[in-house]
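Residue numbers (the working numbering): 136 to 302.
It should be emphasised that the hints constitute simulated quantities derived from the structure, not laboratory data.
As the structure is a computational prediction, the values presented were derived from the model and not from experiment.
Glycine residues also receive a C-beta, built at the ideal position from the N, C-alpha and C atoms.
Misleading hints may appear alongside valid ones.
What the hints assert, rightly or not - Cβ pair distances, simulated, as ranges:
1. ASP261 <-> THR206: 21 to 27 Å
2. ALA174 <-> GLU288: 17 to 23 Å
3. ALA151 <-> GLY257: 36 to 42 Å
4. ARG196 <-> ALA174: 17 to 23 Å
5. ALA181 <-> ARG147: 20 to 26 Å
6. VAL280 <-> ASP150: 17 to 23 Å
7. ARG147 <-> ALA239: 20 to 26 Å
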Amino acid sequence: MCSPTVVEFVARTIDAEHVTGRRVLEVGALDVNGSARAAVEALDPAEYVGVDIEAGPGGDRVVAAEDLVTTFGEGRFDLVISTELLEHVADWRAVVHNLKAVLAPGGRLVLTTRSWPFEYHGYPFDFWRWEVADLRMVFADFDGVVVEPDPDEPGVLLVATRPAEWD
136 MCSPTVVEFV ARTIDAEHVT GRRVLEVGAL DVNGSARAAV EALDPAEYVG VDIEAGPGGD
196 RVVAAEDLVT TFGEGRFDLV ISTELLEHVA DWRAVVHNLK AVLAPGGRLV LTTRSWPFEY
256 HGYPFDFWRW EVADLRMVFA DFDGVVVEPD PDEPGVLLVA TRPAEWD
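Given only the sequences and the hints, what does the whole structure look like? Please build it.
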């Protein structure tokens, strides 16, 4: 699900500086009912790769979020976008590590996910609900972390920058 609020958040937290001539990865790119891809591609990235665990609209490659670094290598992308994915992965720690590691130093991560009491929406699975405090803690090792509640539905919106020195 990529609601209008999520699309607006992505558009609000990126600009030409983050996208034009840069490498962009969208994780969980399958367009089930909306996508931020058009807003990002309008800013003319050098490369835009959409990945998901199944083929379909919005996905360029079938890649599990746990396999980003294995597939693309560390520090490969300048911007990583992941909307409405984190609640759907069983091993969130592995996924978060891969989201962070595939991002280049100084690169930007834009991430959204659902909070309690958002309804179960298994597509294909639904494991977690995240709160603002959870994502602040999980991304405390990044710079410029901004985490806010979704104003329209139970959810969390995050933007953060990978520091030059990160393990």
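Consistency of the hints with the structure:
no., hint, in the structure
1, ASP261 <-> THR206: 21 to 27 Å, "holds, 24 Å"
2, ALA174 <-> GLU288: 17 to 23 Å, "holds, 19 Å"
3, ALA151 <-> GLY257: 36 to 42 Å, "holds, 37 Å"
4, ARG196 <-> ALA174: 17 to 23 Å, "holds, 21 Å"
5, ALA181 <-> ARG147: 20 to 26 Å, "holds, 22 Å"
6, VAL280 <-> ASP150: 17 to 23 Å, "holds, 18 Å"
7, ARG147 <-> ALA239: 20 to 26 Å, "holds, 22 Å"
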